[in-house]
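Same order as they appear, the protein sequences are chains S and P.
Just so we're aligned, residue 1177 is where the first sequence starts under my numbering, counting upward by one.
Just so we're aligned, residue 288 is where the second sequence starts under my numbering, counting upward by one.
Possibly wrong hints are sitting among the right ones.
[Claimed, not checked] What follows is a set of in silico ranges between Cβ atoms, one per label pair, in the way DEER data are often shown:
#1 P:Arg416 - S:Ala1421: 23 to 31 Å
#2 P:Ile328 - S:Arg1426: 41 to 49 Å
#3 P:Arg416 - S:Pro1344: 25 to 33 Å
#4 P:Leu295 - S:Cys1407: 20 to 28 Å
#5 P:Arg416 - S:Ile1347: 19 to 27 Å
#6 S:Asn1289 - P:Leu297: 43 to 51 Å
#7 P:Met516 - S:Phe1338: 26 to 34 Å
#8 S:Arg1424 - P:Tyr433: 22 to 30 Å
[Said to hold, decoys possible] Selected chain P positions facing chain S (in silico; Cβ < 7 Å):
#9 Leu295
#10 Ser304
#11 Leu337
#12 Phe341
#13 Val360
#14 Pro363
#15 Leu364
#16 Leu375
#17 Thr387
#18 Ile400
#19 Asn483
#20 Ile496
#21 Leu497
#22 Val501
#23 Gln522
[To be verified] Computed footprint of chain P on chain S, listed as stretches where at least three residues anywhere in the stretch have a Cβ under 8 Å from a Cβ of chain P:
#24 1255 to 1268
#25 1347 to 1360
#26 1363 to 1376
Hints listed in this document are in silico derivations from the structure and should not be mistaken for laboratory results.
It should be emphasised that the depicted structure is a prediction, and the values quoted were computed from it without experimental measurement.
All residues carry an ideal CB built from backbone N, CA and C; glycine is no exception.
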Amino acid sequence: MLRSSVALTILVSLFPLTALLFLGIEATGTDWGALLTDETWRDSFVTTLYVVSVSTMLSLVFGTWLARTVVKQRWRFTSTILKIPMFVPHIAAAYLFWLLFSGANGFGGIEANERDYVTVILTYIWKEIPFVFLMMLGTYEQLNRGYVETAKTLQLSPYAQFKHAEFPFLIKPLLDSTWILVAFISFAYEVPALLGVTYPKLLGVLAYERLSTGLYLEATAPYAVALIWTCLVGFGVFVSYLMTASLRRRIERGVRR
Amino acid sequence: MIRQGFILCLTLLPFISLFFIAPSMGIENNEAIVHTVGLTIILSGINVWLATTFAWWLLWTESRWKHVLEWLVFLPLFIPMLATLFGLYLILAEVGLIGTYVGVMLALLVVTIPYSIRLAYNGMAVIGRPLLEQARLLPMSRRVVYVLYPLFSRTMRTIALFSTVILLSQFALIQLIGAGLIPTVTTELYQSYAGNNRSLALSNTWMLILFPVVIYFLLSGWNRWMVRMLKGRLQ
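Build out the structure end to end from the sequences listed, making use of the hints.
This is the structure we're talking about:
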């Protein structure tokens, strides 16, 4: 019983890798030169990079700050409320923001469906802060206060205290959440389709629309783009984990001891 | 205090939009709701089952493949969802599962399982091996009913809730793999948004938000009742 369900789980987990293989096979016929010089794709790529980096950075900073403050000040009620946005589906969140920022309701001079993608970024931040918050909360609750006390006795500046006594322990959850967020935000359809503009579209929207409308029935470009983007993210994951490997291992050993 | 109030306001602010206009009360499409409820129940059930068994296995195994498999099941988290989806589309088209309930289910399972396993594994790691070790002396059914279920009922609830939220967020997946033949509340929201029918779109949004809430309370009540009953039986 246990064995067969474990086998089933492994089988299901193999699907995404097989999917990438199929993507690769399908993308072989693509004219790579034309793809890389195509202005529509290039504009989308730049906009996507901008949206992803801004929303990921802000979510990480605010999420970490909130987890730190909540643990330090023991805000139990706030901690509960902060988790609420996580249980709102992305698409519903996008529609709420669309209503909040469209037409007559234009809130604080920001409007939905404009080229700077401010509302898309806001939606993602609202949705992802609780995620980062939850990832970091566990770490902060288990953090050994002894290091911070030592840093204080040594009269380090608040920044240096954070850098030497807290940050090393945050590297692993930060790294995990960064790449989960990047993978999640960068190549999605739902939110930017609702709040975005027709040009430049985010990569995910452009790829999905090229794939699903009859106009480009023979196009292999969306598959190629999906593959390239996955490879880029994968490369980032690989390099960043490799670079921090020795540091993370040392910290894990230290904490266990 | 002021800081806390500010943070709370910002967190709850977007919910105001729910009250801007009246949602339409008439239910337009029963089929979409039935599909959504059906998919939610099946998906949550499978996720809870597969994730807890796998996490349990991962906790005790001494196989040398442990680390490889651990990476394998967490790896999909780092693959962009649409890329997985495009690939799955190609695979399922090969087998002829596009436009079927089974195909959609399978695709949803593939995208939710890594999150569920992670949640289950973290839940078990918090309780730790020493405490769970004693439970291994019990026969399988007693172990599950009297020890594992009461201990992990909250984790199971979170897994069910997470799978539901991910399922409700999927438009591209259900539209592409379902070939537009399997309407859910999410696809309805898109269509009413594109058709500029605001009150219908809003009523769909209400449903998307209330779904997880209802599930949360139902499962909490069920868990509480079950645990109380099991405790009574032991006395």
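Status of each hint after checking the structure:
no. : hint                             : in the structure
1   : P:Arg416 - S:Ala1421: 23 to 31 Å : holds, 25 Å
2   : P:Ile328 - S:Arg1426: 41 to 49 Å : holds, 46 Å
3   : P:Arg416 - S:Pro1344: 25 to 33 Å : holds, 26 Å
4   : P:Leu295 - S:Cys1407: 20 to 28 Å : violated, 42 Å
5   : P:Arg416 - S:Ile1347: 19 to 27 Å : holds, 26 Å
6   : S:Asn1289 - P:Leu297: 43 to 51 Å : violated, 23 Å
7   : P:Met516 - S:Phe1338: 26 to 34 Å : violated, 49 Å
8   : S:Arg1424 - P:Tyr433: 22 to 30 Å : violated, 38 Å
9   : Leu295                           : holds, 5 Å
10  : Ser304                           : holds, 4 Å
11  : Leu337                           : holds, 5 Å
12  : Phe341                           : holds, 4 Å
13  : Val360                           : holds, 5 Å
14  : Pro363                           : holds, 4 Å
15  : Leu364                           : holds, 5 Å
16  : Leu375                           : holds, 5 Å
17  : Thr387                           : violated, 16 Å
18  : Ile400                           : holds, 5 Å
19  : Asn483                           : violated, 11 Å
20  : Ile496                           : holds, 5 Å
21  : Leu497                           : violated, 10 Å
22  : Val501                           : violated, 11 Å
23  : Gln522                           : violated, 30 Å
24  : 1255 to 1268                     : holds (count 11)
25  : 1347 to 1360                     : holds (count 4)
26  : 1363 to 1376                     : holds (count 6)
Consistency with the previously given hints fails for numbers 4, 6, 7, 8, 17, 19, 21, 22 and 23, ordered from lowest to highest.
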